[in-house]
Amino acid sequence: MPETVLFRGPRVFDPLSGHDGDADVLVADGRIEAVGPGLEPRGAEVVECAGLVLTPGLVDLHTHLREPGFEYKETIASGTRAAAAGGFTAVSSMANTDPVTDHAGIVAEIRDKAAEAGLADVFPVGAITKGLAGESMAELGEMVEAGVRVFSDDGMCVPTPRMLRNALVYAKAFPVEVVIADHCEDASLVEGGHMHEGSHSYALGLAGRPAEAEEIVVARDLAVARATGGRIHVCHVSSARSVELIRRAKREGVRVTAEVTPHHLVFTDDDLVGYDTNFKVNPPLRTAEDRDALRAGVADGTIDVIATDHAPHAVEEKESEFDLSPSGMIGLETALGAVLTHVVGPGTVSLERAIDAMSATPARILGAAGHGGPIEPGRPANLVVFDPAEAWVVEPPFASKARNSAFTGSELTGRVRHTMLRGSFTVTDGKASR
Amino acid sequence: MKRHLLSMHDLTADDVTRVLDTAESFREVGSRVIKKVPALRGRTVVNFFLENSTRTRISFELAAKRLSADVINFSAGGSSVAKGESLKDTALTLQAMGADAIVIRHSSSGSPLQLTGWVEGHVLNAGDGTHEHPTQALLDLYTMRERLGRLEGLRVAIVGDVLHSRVARSLSFGLVKMGAEVTLIGPPTLIPPDAPTWGVQVSYDIDGVIPKLDVCYMLRVQKERQRLEYFPSVREYNRLFGLTAARAGVLPEGSLIMHPGPMNRGVEIDSDVADLPQAVIEEQVTNGIAVRMSLLYLLLGGGGSGDSTGEREEVADA
Numbered sequence: 333m334p335e336t337v338l339f340r341g342p343r344v345f346d347p348l349s350g351h352d353g354d355a356d357v358l359v360a361d362g363r364i365e366a367v368g369p370g371l372e373p374r375g376a377e378v379v380e381c382a383g384l385v386l387t388p389g390l391v392d393l394h395t396h397l398r399e400p401g402f403e404y405k406e407t408i409a410s411g412t413r414a415a416a417a418g419g420f421t422a423v424s425s426m427a428n429t430d431p432v433t434d435h436a437g438i439v440a441e442i443r444d445k446a447a448e449a450g451l452a453d454v455f456p457v458g459a460i461t462k463g464l465a466g467e468s469m470a471e472l473g474e475m476v477e478a479g480v481r482v483f484s485d486d487g488m489c490v491p492t493p494r495m496l497r498n499a500l501v502y503a504k505a506f507p508v509e510v511v512i513a514d515h516c517e518d519a520s521l522v523e524g525g526h527m528h529e530g531s532h533s534y535a536l537g538l539a540g541r542p543a544e545a546e547e548i549v550v551a552r553d554l555a556v557a558r559a560t561g562g563r564i565h566v567c568h569v570s571s572a573r574s575v576e577l578i579r580r581a582k583r584e585g586v587r588v589t590a591e592v593t594p595h596h597l598v599f600t601d602d603d604l605v606g607y608d609t610n611f612k613v614n615p616p617l618r619t620a621e622d623r624d625a626l627r628a629g630v631a632d633g634t635i636d637v638i639a640t641d642h643a644p645h646a647v648e649e650k651e652s653e654f655d656l657s658p659s660g661m662i663g664l665e666t667a668l669g670a671v672l673t674h675v676v677g678p679g680t681v682s683l684e685r686a687i688d689a690m691s692a693t694p695a696r697i698l699g700a701a702g703h704g705g706p707i708e709p710g711r712p713a714n715l716v717v718f719d720p721a722e723a724w725v726v727e728p729p730f731a732s733k734a735r736n737s738a739f740t741g742s743e744l745t746g747r748v749r750h751t752m753l754r755g756s757f758t759v760t761d762g763k764a765s766r
Numbered sequence: 004m005k006r007h008l009l010s011m012h013d014l015t016a017d018d019v020t021r022v023l024d025t026a027e028s029f030r031e032v033g034s035r036v037i038k039k040v041p042a043l044r045g046r047t048v049v050n051f052f053l054e055n056s057t058r059t060r061i062s063f064e065l066a067a068k069r070l071s072a073d074v075i076n077f078s079a080g081g082s083s084v085a086k087g088e089s090l091k092d093t094a095l096t097l098q099a100m101g102a103d104a105i106v107i108r109h110s111s112s113g114s115p116l117q118l119t120g121w122v123e124g125h126v127l128n129a130g131d132g133t134h135e136h137p138t139q140a141l142l143d144l145y146t147m148r149e150r151l152g153r154l155e156g157l158r159v160a161i162v163g164d165v166l167h168s169r170v171a172r173s174l175s176f177g178l179v180k181m182g183a184e185v186t187l188i189g190p191p192t193l194i195p196p197d198a199p200t201w202g203v204q205v206s207y208d209i210d211g212v213i214p215k216l217d218v219c220y221m222l223r224v225q226k227e228r229q230r231l232e233y234f235p236s237v238r239e240y241n242r243l244f245g246l247t248a249a250r251a252g253v254l255p256e257g258s259l260i261m262h263p264g265p266m267n268r269g270v271e272i273d274s275d276v277a278d279l280p281q282a283v284i285e286e287q288v289t290n291g292i293a294v295r296m297s298l299l300y301l302l303l304g305g306g307g308s309g310d311s312t313g314e315r316e317e318v319a320d321a
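Protein chains in written order, with my numbering: chain A, 333 to 766; chain B, 4 to 321.
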């Protein structure tokens, strides 16, 4: 049930309205009732927030919830619990479920299960092609009617420029703006590869996934978007040259947005020398130069969104040989801490840009109208309060069912205290409320 | 010596010399009527082979048995994951068996290193994916040193699919460590781009290199590579990079032809060439047993920091 709550004295930081300053925030009936200094509690539960930061609830544009089909890795309930723990009030679930999220029925089923859990709003991504097979277009229109705004075959690259072109042109029929999001890796160049191709892959005896596999597809997708006027989104950019391609295309007016994961902003292929499968992700962690270019891309807005690519896997799947281990790491619970510690703390990316990239902008792309701010009276109370100074060591157990985090054992500064979804706490004092 | 042998980088030049010297004393054991010494009596060696390799497994098995160790062969056709068990689960099973040494052969690069995190015994890499095969490199170094009297300054060409060859990697690292001059030869698609950083030369012209060699080391070329467009045909491969009879004729007097086996006769090496007197391919196999005895002995038998010379003599006399 929504509560009446007064957040007393946090730094209210809201990129959308431009608000940055200490204020009280009064929440009632699931909505923000008032924002300002010295508000009267009027019977509300008072939550002391001196020294804490209150921002719009975070929004993840790229989450794998694994349900239906892979409940042994994660469920909608456990995944959204992890989201809440990480300060997220909305996540976008990827379509590589089983059955694939390629028709309206599955979209509704995922939404219903998420509503039942009540821990975060879930905005399912629809598959571009039936069964993610890359062969025939899924019924995009029906999924748009069911509320889908982002389509992606994530995990698989859109195989041909023709498929991408047809999807982009077809999407013009819809009364709302939809986005075609691509996992940009050329299949022929990454076949059999397990990490970034470079000095480390050669030394480790692991077949590589070269940077040009991504750059080729980014260039291809940008060309098709330019030609069709369609709206594309580049998932998890990992290479410096991809960032430059996107930067140039944006300057030329191509309708493109892009995202980067916290792990690509933090780690490099140098971290794989111990064959730790938690560092195995697609696209792979690349060089320090790539990482620095990604950070610069977030700072100047070339990369619009920071998205987790939260990819839970069972313990036994990751405690296997490196080449046999599935790709991906979890990220919801460490995203904010990782971003604050590694890119905001050192001054590479402003707090404003970071919070915007994790709330307002992904909410806009998803069409998640109630999320991402602004923090103003009348708006749904989807909020997060975090302690920017709290240092903590990442350790299992996680709220997620999985524990394949490369951050395990590392110290982060900045931790979620409270998460509120439409006026109800999903996390209080760092602990799950439900 | 380090606790485990995962890579040639784990060994110093002095370590290599010690392994080869120790192997020399064990070589003699293999020529006795009773080919056995009690050095590892009561110790358990597990041959953990997740990739088929009868010859390497038998070589390790013989080596351990000649040292009087108890040997367990733990083989599985596929990966541990295919059986529904993680590599860690399997490792803990081996640990529970009380293995003093685990010899691991696996198609997955890095699996021996992963194993060291889960078991207490010594881990010996018997070939991991496209990463390394240090015991093969050591038996090759042994064979070269025995035949040619030295390693320093030897001119060695390693010819073939270097990119996918753990043997080529380990042997290159070992030869460079011992002061030999190594040239890698093969189609550019099958030469690792970082090869120059290994301290070796790279050439695409076998005919230009062959007249100056002490050792011509041929690698197996899998026909699978043709399908993946690394080279156009076996015929062209043989023409450009194969050790033909004509090329073998240009090798200097006294030079060696080597191959880690199994050979693809007619692809990387012509059948007649493989049977020439300077082809020491069976000798490599024989020496493999002694080198593996030496490694098991040095890792398990207290060769760690003690007076290796004294111990070696003691063993040889046993």
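Calculated from the structure, these hints are not laboratory results. These numbers come from a predicted model, not from an experiment. Careful, some of the hints might be misleading.
Claimed, not checked - Derived list of chain B stretches under chain A, where covered just means 3 residues or more per stretch with a C-beta under 8 Å from a C-beta of chain A: (1) 131-137; (2) 190-200.
What the hints assert, rightly or not - Listed below are the simulated DMTMM-like cross-link pairs for lysine to aspartate or glutamate, each with C-alpha atoms no more than 20 Å apart in a straight line: (3) B:K91 <-> A:E523; (4) B:K91 <-> A:E471; (5) A:K445 <-> A:E403; (6) B:K180 <-> B:D208; (7) A:K445 <-> A:E477; (8) B:K38 <-> B:D197; (9) A:K763 <-> A:E727; (10) B:K226 <-> A:E523; (11) A:K462 <-> A:D430; (12) A:K504 <-> A:E471; (13) B:K38 <-> B:E27; (14) B:K38 <-> B:D17; (15) B:K91 <-> A:E335; (16) B:K180 <-> B:E64; (17) B:K91 <-> A:E648.
Ideal placement from N, C-alpha and C gives every residue a C-beta, glycine not left out.
Evaluation of the provided hints:
{"no.": "1", "hint": "131-137", "verdict": "holds (count 5)"}
{"no.": "2", "hint": "190-200", "verdict": "holds (count 4)"}
{"no.": "3", "hint": "B:K91 <-> A:E523", "verdict": "26 Å, violated"}
{"no.": "4", "hint": "B:K91 <-> A:E471", "verdict": "43 Å, violated"}
{"no.": "5", "hint": "A:K445 <-> A:E403", "verdict": "13 Å, holds"}
{"no.": "6", "hint": "B:K180 <-> B:D208", "verdict": "25 Å, violated"}
{"no.": "7", "hint": "A:K445 <-> A:E477", "verdict": "19 Å, holds"}
{"no.": "8", "hint": "B:K38 <-> B:D197", "verdict": "44 Å, violated"}
{"no.": "9", "hint": "A:K763 <-> A:E727", "verdict": "15 Å, holds"}
{"no.": "10", "hint": "B:K226 <-> A:E523", "verdict": "18 Å, holds"}
{"no.": "11", "hint": "A:K462 <-> A:D430", "verdict": "12 Å, holds"}
{"no.": "12", "hint": "A:K504 <-> A:E471", "verdict": "14 Å, holds"}
{"no.": "13", "hint": "B:K38 <-> B:E27", "verdict": "14 Å, holds"}
{"no.": "14", "hint": "B:K38 <-> B:D17", "verdict": "28 Å, violated"}
{"no.": "15", "hint": "B:K91 <-> A:E335", "verdict": "47 Å, violated"}
{"no.": "16", "hint": "B:K180 <-> B:E64", "verdict": "28 Å, violated"}
{"no.": "17", "hint": "B:K91 <-> A:E648", "verdict": "8 Å, holds"}
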